[in-house]
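Undergrad: Sequence:
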Amino acid sequence: SPRFFAENFGATDVIANDRAPARLKDRQTNRPQRSVQMPLRDYVNYMEDYDDRGMKESDVPLYLNGWHAFKAHPELLEDIQWPQMQYFVEDHTRMILKEIDTAISGKKGTPTNPQWVHNTDVLLNKVFMGPVGNITRLHFDAHNAHGWLAQVKGSKLFILYPPSDTDLLQPLEGEATTQSPIDPLAPDLEIFPNYEKCHQYYAVLREGETLLCPDGWWHYAVSLDESITVMRNFYNALTNVNGLVKLFANLRKKAAA
Numbered sequence: 115s116p117r118f119f120a121e122n123f124g125a126t127d128v129i130a131n132d133r134a135p136a137r138l139k140d141r142q143t144n145r146p147q148r149s150v151q152m153p154l155r156d157y158v159n160y161m162e163d164y165d166d167r168g169m170k171e172s173d174v175p176l177y178l179n180g181w182h183a184f185k186a187h188p189e190l191l192e193d194i195q196w197p198q199m200q201y202f203v204e205d206h207t208r209m210i211l212k213e214i215d216t217a218i219s220g221k222k223g224t225p226t227n228p229q230w231v232h233n234t235d236v237l238l239n240k241v242f243m244g245p246v247g248n249i250t251r252l253h254f255d256a257h258n259a260h261g262w263l264a265q266v267k268g269s270k271l272f273i274l275y276p277p278s279d280t281d282l283l284q285p286l287e288g289e290a291t292t293q294s295p296i297d298p299l300a301p302d303l304e305i306f307p308n309y310e311k312c313h314q315y316y317a318v319l320r321e322g323e324t325l326l327c328p329d330g331w332w333h334y335a336v337s338l339d340e341s342i343t344v345m346r347n348f349y350n351a352l353t354n355v356n357g358l359v360k361l362f363a364n365l366r367k368k369a370a371a
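When you line the sequence shown up against this note's numbering, it's residues 115 to 371, in that order.
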């Protein structure tokens, strides 16, 4: 529960946003994204107060989205049970990272930095926490990643579209994450007339359930009540390994710059 995080990790500083994912286009509007840094205990108090007073139409809730809780508090890794792989393609991320690390060393079978492998793997795990009404705008995950989302508390509505709908969703240019300007709950058909041709899927994710978003699948989410979601991006050697290799290459370029 949010109270568990407040009582055990309350002094940890977190950043909450009123829009997610972040969008460069917001800076060109009269209402750019608002971000607030605060101790986790204060954010949980905010969540509880927000739910108590109810949501107003003009009141956009702050969202603790993409918090790297498992990096800040590695002991939490012991509380996560990965989904059974008979439902998903296998998660080969750690194995691929080890192979990349060994290849860098130039010596077969000799890793250069096992801690790097662990740290990179852990960064692919995130927590999303917030009150009713938190929205994750329509996008698909970067670097060709698959992703699963497990609902720990509360429920969320997910709206999804296959990769074949990408052109119909008119991706925004210049964003770090591929995003669409369309709001699936209130699409403007005069501006986006081709939206009606999209193939929409939806699901309400409840506590104890997990949703898989394969590489390239668009997704939009809204919290139906106080919510905690755990997410993991992952890679499979037979389906999207190139995404992880490109991600690593980009990180190496940035480190060398």
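Keep in mind that the hints were calculated from the coordinates and are not lab data.
You may find that some hints are simply not true.
Pair by pair, the computed Cβ-Cβ distance ranges are [what the hints assert, rightly or not]:
#, residue 1, residue 2, range
1, Val318, Glu162, 17 to 25 Å
2, Asp127, Glu289, 21 to 29 Å
3, Glu162, Glu204, 38 to 46 Å
4, Asp339, Asp140, 25 to 33 Å
5, Ala317, Ser149, 42 to 50 Å
6, Pro301, Glu189, 42 to 50 Å
7, Lys212, Asn159, 24 to 32 Å
8, Ser115, Glu213, 18 to 26 Å
9, Asp163, Arg208, 34 to 42 Å
10, Gly322, Arg117, 41 to 49 Å
11, Ala186, Lys267, 27 to 35 Å
12, Pro307, Glu213, 44 to 52 Å
13, Pro301, Val174, 38 to 46 Å
Just so it is clear, CB atoms sit at the ideal spot from N, CA and C, and this is done for glycine as well.
Undergrad: For every hint, state whether the structure bears it out.
TA: Cross-check of the supplied hints:
1. Val318 to Glu162: 17 to 25 Å: The hinted range 17 to 25 Å holds for Val318 and Glu162, with Cβ atoms some 23 Å apart.
2. Asp127 to Glu289: 21 to 29 Å: This hint holds: roughly 26 Å between Cβ atoms.
3. Glu162 to Glu204: 38 to 46 Å: Given a distance of about 39 Å, which is inside 38 to 46 Å, the answer is holds.
4. Asp339 to Asp140: 25 to 33 Å: Holds: the Cβ-Cβ distance is about 26 Å, inside 25 to 33 Å.
5. Ala317 to Ser149: 42 to 50 Å: For Ala317 and Ser149 the Cβ distance comes to about 29 Å; the hint is violated.
6. Pro301 to Glu189: 42 to 50 Å: The hint (42 to 50 Å, Cβ to Cβ) holds, given that Pro301 and Glu189 are roughly 43 Å apart.
7. Lys212 to Asn159: 24 to 32 Å: 42 Å, violated
8. Ser115 to Glu213: 18 to 26 Å: At roughly 39 Å between Cβ atoms, Glu213 and Ser115 fall outside 18 to 26 Å, so the hint is violated.
9. Asp163 to Arg208: 34 to 42 Å: Check passed, 40 Å falls within 34 to 42 Å.
10. Gly322 to Arg117: 41 to 49 Å: Check failed, 19 Å falls outside 41 to 49 Å.
11. Ala186 to Lys267: 27 to 35 Å: Violated - the Cβ-Cβ distance for Ala186 and Lys267, about 19 Å, lies outside 27 to 35 Å.
12. Pro307 to Glu213: 44 to 52 Å: 47 Å, holds
13. Pro301 to Val174: 38 to 46 Å: For Pro301 and Val174 the Cβ distance comes to about 19 Å; the hint is violated.
Of the numbered hints listed earlier, those contradicted by the structure are 5, 7, 8, 10, 11 and 13.
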